[in-house]
Amino acid sequence: MERLRLCPIGDPQDGEPVAIPAGTYPPLAVYNVDGQYYVTANTCTHGNAQLTDGYQDGATIECPYHGGAFDIPSGAATTYPCQIPLKTYEVTIEDGWVTIDAPGAPES
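For the sequence shown, the UniProt record's numbering gives the first residue as 1, with consecutive numbering after it.
In case anyone wonders, no lab produced these hints; they're calculated from the structure. Any given hint might turn out to be false.
[To be verified] Between beta-carbon pairs, the in silico distance windows are:
{"#": "1", "residue 1": "D95", "residue 2": "P64", "range": "28 to 34 Å"}
{"#": "2", "residue 1": "E2", "residue 2": "T60", "range": "29 to 35 Å"}
{"#": "3", "residue 1": "K87", "residue 2": "Y55", "range": "18 to 24 Å"}
{"#": "4", "residue 1": "D11", "residue 2": "Y80", "range": "20 to 26 Å"}
{"#": "5", "residue 1": "G67", "residue 2": "A102", "range": "30 to 36 Å"}
{"#": "6", "residue 1": "P64", "residue 2": "E2", "range": "30 to 36 Å"}
Cβ atoms here follow ideal geometry from the backbone N, Cα and C, with glycine treated the same way.
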């Protein structure tokens with residue numbers, strides 16, 4: 001499987017996720033949580049909001065629209081109105097870059 005290089009490891013800071021715009025894959029978010037890197041879908045499952053525009057508090061990302069929240073490592077919805085979990089991706093660090101297996105094309 002092809003690896004997708006998302007960003008250098010220095011880009012996402014604790015509390016400051018990085019948005020990876022859609023290409024041949026869905027919009028993604030890269031997080032640094034206490035030195036561990038995580039990648040999730042960047043679109044809230046409750047509304048069409050970019051989660052990287054929200055607020056990250058430790059391992060939680062809060063949607064900027066309605067205040068719903070998700071657990072970053074698992075993608076689990078943790079605060080109403082969010083109920084559907086986020087898609088998460090297994091992260092590998094390669095040559096100083098955050099990488100994942102290339103996801104499929106965006107759903108239409």
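Structure-based check of all given hints:
1. D95 / P64: 28 to 34 Å: 33 Å, holds
2. E2 / T60: 29 to 35 Å: Holds: the Cβ-Cβ distance is about 31 Å, inside 29 to 35 Å.
3. K87 / Y55: 18 to 24 Å: For K87 and Y55 the Cβ distance comes to about 20 Å; the hint holds.
4. D11 / Y80: 20 to 26 Å: 31 Å, violated
5. G67 / A102: 30 to 36 Å: About 32 Å separates the Cβ atoms of G67 and A102, which means 30 to 36 Å holds.
6. P64 / E2: 30 to 36 Å: Holds: the Cβ-Cβ distance is about 32 Å, inside 30 to 36 Å.
Of the numbered hints stated above, the single one contradicted by the structure is hint 4.
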